[in-house]
Structures are given as structure tokens and as C-alpha cells.
Amino acid sequence: MRTKGGFTPGWIGYGLTVAAAGFLAAALYMVFFVAPKEATMGISQKIFYFHVGSAINMLVSFGLCATAGIVYLSIGSVNRRWADIADAVGVATAEVGVTLGAIVLITGPLWARKAWGTWWTWEPRLTLSLMVFLLFLAYLALRAFAGSDRFGRSVAAGLSILGIPALYFIHVAVDRWGGAHPQVVYKGGLTQIDMRIAFGLSVAAVFLLATALSWLRLSIERERQHLDALYLEVDRRLG
Amino acid sequence: MDEFRRYLAIVQKDLRVEFRTREILYTTTLFALLLVVIFAFAFLSDAGKSRDYGPGIIWVTVLFATTVGQNRLFDRERENDCLWSLLLSPAEPSTVFMAKATAQIAFAVMMQVPTILLILVFFDLGVTDPFSFIAVLALGNVALGLVGTLFAAMLMNARMKEVLLPLVTYPIFVPVVIAGVKVTAVAVGAPIAEDPEVWLKFLAGFDMIFAVVTVVLFGRMVRA
Numbered sequence: 001m002r003t004k005g006g007f008t009p010g011w012i013g014y015g016l017t018v019a020a021a022g023f024l025a026a027a028l029y030m031v032f033f034v035a036p037k038e039a040t041m042g043i044s045q046k047i048f049y050f051h052v053g054s055a056i057n058m059l060v061s062f063g064l065c066a067t068a069g070i071v072y073l074s075i076g077s078v079n080r081r082w083a084d085i086a087d088a089v090g091v092a093t094a095e096v097g098v099t100l101g102a103i104v105l106i107t108g109p110l111w112a113r114k115a116w117g118t119w120w121t122w123e124p125r126l127t128l129s130l131m132v133f134l135l136f137l138a139y140l141a142l143r144a145f146a147g148s149d150r151f152g153r154s155v156a157a158g159l160s161i162l163g164i165p166a167l168y169f170i171h172v173a174v175d176r177w178g179g180a181h182p183q184v185v186y187k188g189g190l191t192q193i194d195m196r197i198a199f200g201l202s203v204a205a206v207f208l209l210a211t212a213l214s215w216l217r218l219s220i221e222r223e224r225q226h227l228d229a230l231y232l233e234v235d236r237r238l239g
Numbered sequence: 240m241d242e243f244r245r246y247l248a249i250v251q252k253d254l255r256v257e258f259r260t261r262e263i264l265y266t267t268t269l270f271a272l273l274l275v276v277i278f279a280f281a282f283l284s285d286a287g288k289s290r291d292y293g294p295g296i297i298w299v300t301v302l303f304a305t306t307v308g309q310n311r312l313f314d315r316e317r318e319n320d321c322l323w324s325l326l327l328s329p330a331e332p333s334t335v336f337m338a339k340a341t342a343q344i345a346f347a348v349m350m351q352v353p354t355i356l357l358i359l360v361f362f363d364l365g366v367t368d369p370f371s372f373i374a375v376l377a378l379g380n381v382a383l384g385l386v387g388t389l390f391a392a393m394l395m396n397a398r399m400k401e402v403l404l405p406l407v408t409y410p411i412f413v414p415v416v417i418a419g420v421k422v423t424a425v426a427v428g429a430p431i432a433e434d435p436e437v438w439l440k441f442l443a444g445f446d447m448i449f450a451v452v453t454v455v456l457f458g459r460m461v462r463a
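Here the protein sequences come in this chain order: P and C.
Using my numbering, the final residue of the first sequence is 239, and nothing's skipped along the way.
Using my numbering, the final residue of the second sequence is 463, and nothing's skipped along the way.
Isolated chain P (complex conformation) (with noise of 0.2 Å):
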């Protein structure tokens, strides 16, 4: 039997895995070397460059895996290829923007805790994020526990698409509910052009790690969905 139809990295994958890291220490150099101490908050608000880019890029994974959802449900009695990457696209998103939504929750408290005195506050935004991180964490758990058969993977795909509007509606509630929280304050934008770039690189250089990432672990599954057609082969065979 040929095993043709694997899915490996292959030149984008190690291209990407190269410029990640090579922006990664661009990013890293110029938040730390080249853009100016904040003046008010100091050291602590270097810490907003990849909280930020962080934040910015989980939403976009998470986007993409409901987009991946969306692909499924629409194609996948259908197109049984295009069913597979979708869904392998659902897995890969979904778990990197887990990872970035970890990031933006630690390092978050972290900034909070010099420049507001606490850990954690109720305030909307975070609220949400912290909402989108368990609605996720939820989507990896039916990943993990639900079973791989086309079950699992429609309701995985399912939740989230349901997180849509789910999010919209937990965004409207919690803006309702916290009102009373102290707001973040969100400056007129970084004033100095160099914290503008040491910004620009590190949204960038977190995009180009998830991207990397994303692609290297869509890799596997295509290789897993790959193996599991092998042995349902050698079972039919087989008899």
C-alpha cells in the first residue's frame, strides 16, 4: 500500500519556524534595547508589547477555527478531503490560540498587579478574555474526550461556531455587569515612533510563532488523519 498523501512541514513550515524566531528577536531587542521606558508605569509596560500582540493574535486563531468549523459543517458530508483539513485546521487554531490566550492571562495579572495593585479585577474586558480562553478550553476538551468520529467533530465544530454569538452576548452582559469596575485606560496610542515599531514587530513576531505553530501542528493531524485511513485500510483488508 503507498503511503503517499502524508502531510509534512516542508520548506513553509522550517521557512516559517526561521522568520518567527528571527522576528521574535527583532521584537525582543527593540522592546527592550531600542523603545523608551513608559514614563509613568516604567519598566512593567513592556510587558504590554507581547500581552498585546498576544491578545490580538488568539483572536484571530480562534476566528480562524470557527471559520475551519463553519468549512466543516457546510462541506463535510460532501467533501470528505476538505472535511479532514478543515477539521485539522479547527484542532491547530484552537490549540495555539489556547496557548496565546495562557500568555495574555499570565502576563496580564502580572502588568495589573504593578500598575493597578491587584491580581485580577472583574473588569469587562478581561471577563471576556477570560471567557473566550474557557470556551476554548471547552472545544479542546470535546477534541480530546468526545472521540474523534464524526461526532466529535461536529459538535467540536459546532461550539465553535456557537461562540459567536455566544461571545457577543457574553461581551454585552459582562460590559452590563462590571460596569462599576474601573475601566482600562487605553492611552492615545504609543506616542513614540520607536515603541510604534517595537509594537508593529511584536504583534508581528507573535503572529509569524502562531502561524509556525499552527502550521507544524496541522502537520500531525494531517499525518494522524493519514494514519487512521491507513489502519481502517489494513482493517478492511484484512477482513
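Incorrect hints may have been included.
Derived coverage of chain P by chain C (criterion: at least 3 residues anywhere in the stretch with Cβ under 8 Å from a Cβ of chain C; other residues may be distant) [as the list claims (entries may be wrong)]:
| # | region |
| --- | --- |
| 1 | 69-77 |
| 2 | 142-152 |
Anything over 10 Å on all C-beta distances counts as not near chain C; from chain P, calculated [unchecked claim]:
| # | residue |
| --- | --- |
| 3 | I12 |
| 4 | T17 |
| 5 | A20 |
| 6 | R113 |
| 7 | L162 |
| 8 | D228 |
Simulated DEER-style distance windows between Cβ atoms [what the hints assert, rightly or not]:
| # | chain 1 | residue 1 | chain 2 | residue 2 | range |
| --- | --- | --- | --- | --- | --- |
| 9 | C | G365 | P | T121 | 47 to 53 Å |
| 10 | P | R224 | C | V299 | 38 to 44 Å |
| 11 | C | F361 | P | W120 | 30 to 36 Å |
| 12 | C | V437 | P | I164 | 19 to 25 Å |
| 13 | P | G117 | C | K252 | 46 to 52 Å |
| 14 | C | A377 | P | L140 | 31 to 37 Å |
| 15 | C | L357 | P | V234 | 57 to 63 Å |
| 16 | P | R224 | C | R255 | 41 to 47 Å |
| 17 | P | F33 | C | V437 | 49 to 55 Å |
| 18 | C | G365 | P | W82 | 34 to 40 Å |
| 19 | C | F361 | P | P109 | 35 to 41 Å |
| 20 | C | V451 | P | T121 | 49 to 55 Å |
| 21 | P | W120 | C | D320 | 43 to 49 Å |
For the record, the hints were derived by calculation from the structure and aren't laboratory data.
Please read these numbers as outputs of a predicted model, since none were measured by experiment.
Glycine is no exception: its CB is placed at the ideal position from the N, C-alpha and C atoms.
Fit chain C to the known structure of chain P by using the hints.
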């Protein structure tokens, strides 16, 4: 019209089976009553403060007991692959889903009526705004029923469905609980500055959006 008759037939079937066995109603009601007793021991130190934690107790009890019922909802359809027979029948998947959700909400309401009355008595809560009190429970139950039924159906055969169902549904239920606790607090006269009407409209919007999304998703998910 035919579709509506099929819907009624499935609801009737579920209610009839339930009234003969009383599996879900008996177990969830007893579970809810025990929860209330546990909450009484956990919180009741100062009777004057019951308005502060009463609404929370009502909603946590509703949420937990409803989840236990939802886990059992498709047990009967699992044996002999009954769910697939239902889906093979002339009824549309959306009809099957709406019928199961209706049955689920009916069981939940039947369980909640004695439970909530008992909470009102045990914790000495007076309902000053009966309309909001009942409306928020009705709207909240529709929300819990729609999302819960969808995932209960899809997790029917999963090995760990008892644990997975709340993991998946509770993040989605967060806005329902927030709205529910706020309106219930106002309805029992807690001194908070909230307009119950805003939250009731919010819940109505939640119900409408999720009615559409869950019906569409159910049809896609059983086919995929």
C-alpha cells in the same frame, strides 16, 4: 401543518414516557431540593441578607438541576438508535430538535416550580415584581433548553458526556445567569440599581438568536 403534527407527536411521546417512568422529573427534582438544603447550610447565617444571595441560589439550583436533566434527555433515544429513526422519519431535523427542546424545557419547568417555591419559603424571599420574576425564569429556561438540547444530542454517544456537557454549555450560559440573577434580585426587592426590562430584552434577544443558530447547527451537525 403536517410538520406541526409531527412536532406535537414527538413532544407527546417524550412527555408520555416521562410521566410513566418519572425518571428525569423525580431525580432532578430531588437533586434540586437537596441542592437547596445544601445551600441553606452553606449560606444561611444571617436571615436578613437572604435577598443578597437568594437570586444566586435560585439560578445555581436551576442551572445544576437542569444540566442533570439534560444529560438524561437523550438516554431513551440512544437505545436501539432511536434518534436516527426519528431523523429518518418524515420529520425535518429542525422539527425533531424543537420537539426535544420543548420536552426538555417542560421537564425543567416542572422541576423548578416546587424547587423555587421552596427556596422562596426557606429563605424568606418575597416576590415584589411577579411579572419580571416569572418572565426571566421563562426566558432563561428557553436559553438553557436550546443550547443544552443541542449539545446533549450531539454528545449522546460520547464516553464522558456527563462531564463534557456542562464544560461546553456553561461558558455559553454565563450571560443567561448574569441576566437571570440581576432580574431576580430586582424582583425580590434587592436594593440594586438595575432596570429589569433591559435584561429581559437582552434575554429575549439571546433566545431568538440561539433558536435560529441551534436549529441550523443541529441540522448540519447530524448530517456532517
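How the hints compare with the structure:
Under a criterion of three residues with beta carbons nearer than 8 Å to beta carbons of chain C, the stated coverage of the region 69-77 of chain P is upheld, 5 such residues being counted. With 7 residues having a beta carbon nearer than 8 Å to a beta carbon of chain C, the region 142-152 of chain P meets the requirement of three or more and the stated coverage holds. For I12 of chain P, the shortest C-beta to C-beta distance to chain C comes to about 29 Å, beyond the 10 Å cut-off, and the non-interface label holds. Listed as outside the interface, T17 of chain P is consistent with that label: its C-beta sits roughly 33 Å from the nearest C-beta of chain C, beyond the 10 Å cut-off.
With a least CB separation of 30 Å from chain C, A20 of chain P remains clear of the 10 Å interface cut-off, as annotated. The beta carbon of R113 of chain P sits about 25 Å from the closest Cβ of chain C, which is more than 10 Å, so the claim that it is off the interface holds. Against chain C, the non-interface label of L162 of chain P is violated: not every CB pair exceeds 10 Å, the least being about 6 Å. Non-interface status of D228 of chain P relative to chain C is upheld: no Cβ of that chain comes within 10 Å, the nearest being about 17 Å off.
Against the hinted window of 47 to 53 Å, the Cβ-Cβ separation of G365 of chain C and T121 of chain P comes to about 33 Å, which falls outside the hint. Here the CB-CB span from R224 of chain P to V299 of chain C is close to 40 Å, well matched to the stated 38 to 44 Å. Roughly 33 Å separates the CB atoms of F361 of chain C and W120 of chain P, a value that falls within the hinted 30 to 36 Å. For the pair V437 of chain C and I164 of chain P, the beta carbons lie near 23 Å from each other, so the given range of 19 to 25 Å is met.
A hinted range of 46 to 52 Å for the beta carbons of G117 of chain P and K252 of chain C is inconsistent with their spacing of about 60 Å. At roughly 34 Å, the beta carbons of A377 of chain C and L140 of chain P sit within the given window of 31 to 37 Å. A hinted range of 57 to 63 Å for the beta carbons of L357 of chain C and V234 of chain P is consistent with their spacing of about 59 Å. A hinted range of 41 to 47 Å for the beta carbons of R224 of chain P and R255 of chain C is consistent with their spacing of about 46 Å.
Separation of F33 of chain P from V437 of chain C is about 51 Å and conforms to the stated range, judged on CB atoms against 49 to 55 Å. For the pair G365 of chain C and W82 of chain P, the beta carbons lie near 59 Å from each other, so the given range of 34 to 40 Å is not met. Look at F361 of chain C against P109 of chain P: about 39 Å separates their beta carbons, and that is inside 35 to 41 Å. For the pair V451 of chain C and T121 of chain P, the beta carbons lie near 35 Å from each other, so the given range of 49 to 55 Å is not met.
Distance hint check: the CB atoms of W120 of chain P and D320 of chain C are about 47 Å apart, consistent with the given range 43 to 49 Å.
Checked against the numbered hints given earlier, the structure breaks hints 7, 9, 13, 18, 20 and satisfies all the rest.
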